[in-house]
Amino acid sequence: MSAVTVFVPKDAAAVSVGADDVAIALSQEAQSRGIEINLIRNGSRGLLWLEPLVEVETSSGRFAFGPVSVSDISGLFDAGFLSGGDHDLGHGLTEEIPYLANQERLTFARCGVIDPLDLTAYESHGGLVGLKKALERESSAIVEDVTVSGLRGRGGAGFPAGIKWETVRKESADQKYICCNADEGDSGTFADRMLMEGDPFTLLEGMVIAGRAVGADTGYIYIRSEYPHAIRALNEAISIFEQANLLGQNILGSGLAFTIHIRIGGGAYICGEESSMLESLEGKRGQVRAKPPIPAISGLFGKPTVVNNVLTLATVPYVLASGGKTYSEYGQGKSRGTQPFQLAGDIARGGLVEKAFGVTLRELVEGFGGGTRSGRPVRTAQVGGPLGAYIPETAFNVDMDYESLAESGAMLGHGGVVVFNESVDMARQARFAMEFCEIESCGKCTPCRIGSVRGKETLDKIIVGEDLEKNLAVLDDLCVLMTDGSLCAMGGLTPMPVTSALKHFPEDFGLARQAAE
Amino acid sequence: MVESVPEPDENRTVLQLCQDYGSRPENLVEILHAVQARDGYLSDDSLRDIAACLNLTRAEVHGVVSFYHDFRRAPSGKTVVKICLAEACQAVGCDALKEHAMQALSTGVGTTSSDGAVSLEPVYCLGNCALGPAVMVNGDLHGRVTPEKLDSLVSGADS
Numbered sequence: 000m001s002a003v004t005v006f007v008p009k010d011a012a013a014v015s016v017g018a019d020d021v022a023i024a025l026s027q028e029a030q031s032r033g034i035e036i037n038l039i040r041n042g043s044r045g046l047l048w049l050e051p052l053v054e055v056e057t058s059s060g061r062f063a064f065g066p067v068s069v070s071d072i073s074g075l076f077d078a079g080f081l082s083g084g085d086h087d088l089g090h091g092l093t094e095e096i097p098y099l100a101n102q103e104r105l106t107f108a109r110c111g112v113i114d115p116l117d118l119t120a121y122e123s124h125g126g127l128v129g130l131k132k133a134l135e136r137e138s139s140a141i142v143e144d145v146t147v148s149g150l151r152g153r154g155g156a157g158f159p160a161g162i163k164w165e166t167v168r169k170e171s172a173d174q175k176y177i178c179c180n181a182d183e184g185d186s187g188t189f190a191d192r193m194l195m196e197g198d199p200f201t202l203l204e205g206m207v208i209a210g211r212a213v214g215a216d217t218g219y220i221y222i223r224s225e226y227p228h229a230i231r232a233l234n235e236a237i238s239i240f241e242q243a244n245l246l247g248q249n250i251l252g253s254g255l256a257f258t259i260h261i262r263i264g265g266g267a268y269i270c271g272e273e274s275s276m277l278e279s280l281e282g283k284r285g286q287v288r289a290k291p292p293i294p295a296i297s298g299l300f301g302k303p304t305v306v307n308n309v310l311t312l313a314t315v316p317y318v319l320a321s322g323g324k325t326y327s328e329y330g331q332g333k334s335r336g337t338q339p340f341q342l343a344g345d346i347a348r349g350g351l352v353e354k355a356f357g358v359t360l361r362e363l364v365e366g367f368g369g370g371t372r373s374g375r376p377v378r379t380a381q382v383g384g385p386l387g388a389y390i391p392e393t394a395f396n397v398d399m400d401y402e403s404l405a406e407s408g409a410m411l412g413h414g415g416v417v418v419f420n421e422s423v424d425m426a427r428q429a430r431f432a433m434e435f436c437e438i439e440s441c442g443k444c445t446p447c448r449i450g451s452v453r454g455k456e457t458l459d460k461i462i463v464g465e466d467l468e469k470n471l472a473v474l475d476d477l478c479v480l481m482t483d484g485s486l487c488a489m490g491g492l493t494p495m496p497v498t499s500a501l502k503h504f505p506e507d508f509g510l511a512r513q514a515a516e
Numbered sequence: 000m001v002e003s004v005p006e007p008d009e010n011r012t013v014l015q016l017c018q019d020y021g022s023r024p025e026n027l028v029e030i031l032h033a034v035q036a037r038d039g040y041l042s043d044d045s046l047r048d049i050a051a052c053l054n055l056t057r058a059e060v061h062g063v064v065s066f067y068h069d070f071r072r073a074p075s076g077k078t079v080v081k082i083c084l085a086e087a088c089q090a091v092g093c094d095a096l097k098e099h100a101m102q103a104l105s106t107g108v109g110t111t112s113s114d115g116a117v118s119l120e121p122v123y124c125l126g127n128c129a130l131g132p133a134v135m136v137n138g139d140l141h142g143r144v145t146p147e148k149l150d151s152l153v154s155g156a157d158s
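Going line by line, the protein sequences match chains C and Y. With numbering that gives the first Met the number 0 applied, the first sequence has no gaps in its numbers, which climb one by one up to 516 at the end. With numbering that gives the first Met the number 0 applied, the second sequence has no gaps in its numbers, which climb one by one up to 158 at the end.
Bound conformation, chain C alone (with noise of 0.2 Å):
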């Protein structure tokens, strides 16, 4: 019999509860049963409320078991896992997994499928089929089809990627850049990381893509510190594509240019924000700049500069081996493709649901994400990170997409979804929005430096019931201001889930709700 392969991913959410360990003991005990195995670790498949989830390949499919501990792995052998057996732990071929059977995975296609650093398996899994496309195409063919695909910037402000890059593209500059913004800060967020453990050859393909598209030869990932086991996958990453000479001076033998450098942040939650970044990137604080100019025009060093999330460039390529059109078929309105959705906090089936624009929060919530983990009822979930708003159970049936979330008061951001139940106190996450404002504020601009320190106070007062009516109209004034007078969405979007709470749970506010509620 020749060796069954298993897999156990190597994503840094499997290994923190354990995936390493579930590695060992499966290699030590098939080799003390005289068995030979063939352990791949892959990225994660994005459920992981099973993680550590193994999978065992069988010419049936991938069977999958999980969640396993290291004390589950001899009863998994006595069961004959390696040819699907029945466990307690199992779930069938995995690709049948309701949660995983009912997504659109465009973006995440190969995450958790294959080893994210075989290059032969990337290409056997449909990949560098964008690039090559690309290569044999004009710049403006590929601005195009980033266009007509309708892709829009994933990191939350969600503006068109192809208008960005034909802006990029039309200006005559001795030096062009691509920046990757891999500072994903927002609490409940977690698709960037998933991506580049689990396919980093994905977003460097998309960078290339990128370069090749508006004339840029250098291109740098800025990614957060908390983020180690992300930063060792590119890193090995970038190298293996350099030695495959799908990065360097002459890529495939195009003639096109191009390099990416790696730069690690430095635990600043606003280098998310793209003008702080770039700062950073200079080795500067991270203090916002003001637009106009935009980074477009006069981005990192002065320069003509994309930046783009980690969702939009790894999304390209498959823009391009599939066509901007094809892309632009799912999804709804004018927000087009696919969203990776991200499902936190107190969920029973945590984990990455990648869905067209249009699914409700309803469906991720109750169908994908099956109610709280804690089995107490939900009350709320706050969508679109620290800085969204928190919507309450009972309107849960919007819709997921740009536009009929900011209809409703709401905003998509980088698509985390944070699930609270019952016991939250509105009153608390309202303070706390504030308190994360004054913590990471950059200092650069007043309503955000100073009103969010008076943001808390006030709320502290209000939280106690001290003047309630006063206080509560300081909010307001503070909430308006800031959301005015910031000059960025940090200061300007703190007040959302301030303002969101307020409304939508007066009680914890010390006040009657509303009879028309």
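Be aware that one or more of the hints could be misleading.
As the list claims (entries may be wrong) - Ranges between beta-carbon positions, derived for each pair:
no.	chain 1	residue 1	chain 2	residue 2	range
1	Y	V108	C	G74	38 to 46 Å
2	Y	S113	C	V463	26 to 34 Å
3	Y	A73	C	E135	36 to 44 Å
4	Y	S65	C	V463	42 to 50 Å
5	C	S58	Y	D114	54 to 62 Å
6	C	R231	Y	D114	28 to 36 Å
Everything labelled a hint here was simulated from the structure, so no lab data went into it. For each residue, glycine too, the CB sits at the ideal point set by N, CA and C.
Fit chain Y to the supplied structure of chain C, relying on the hints for placement.
Just chain Y now, kept in the frame of chain C:
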């Protein structure tokens, strides 16, 4: 010029570390990471040498050092426990875990225990939001951390 991730190298002087990065001011953040990886923190002497090497004022270097949460001006405890206090972990009880950690480790958040054994640091998101509460102990990420698990992680890191 070396690429990004600084590996601790005790034998290289600050001057050499600066030269590894071309002594270029735009690599200041990288250089600070490299020096901190070597020493565990950024001393006054190191910052003075970096400023001289990059032709920056000490005030400029101080400005950068003080901006980023990662940089320390004093040695950390032997074990560094980073506890995530952001929303996704709040939803699954990180506040109670924080209270437990402060008691068990005899230290506050953002401080080092008086015997220098443990530093307890707040962090806002480790990207493990579906498996919270999340904690990082000496660079290793852990998920679904209960008070008991935290105790065993810290005592394991000690030995």
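Can you give the numbers of the hints that this structure goes against, from lowest to highest? 3 and 4
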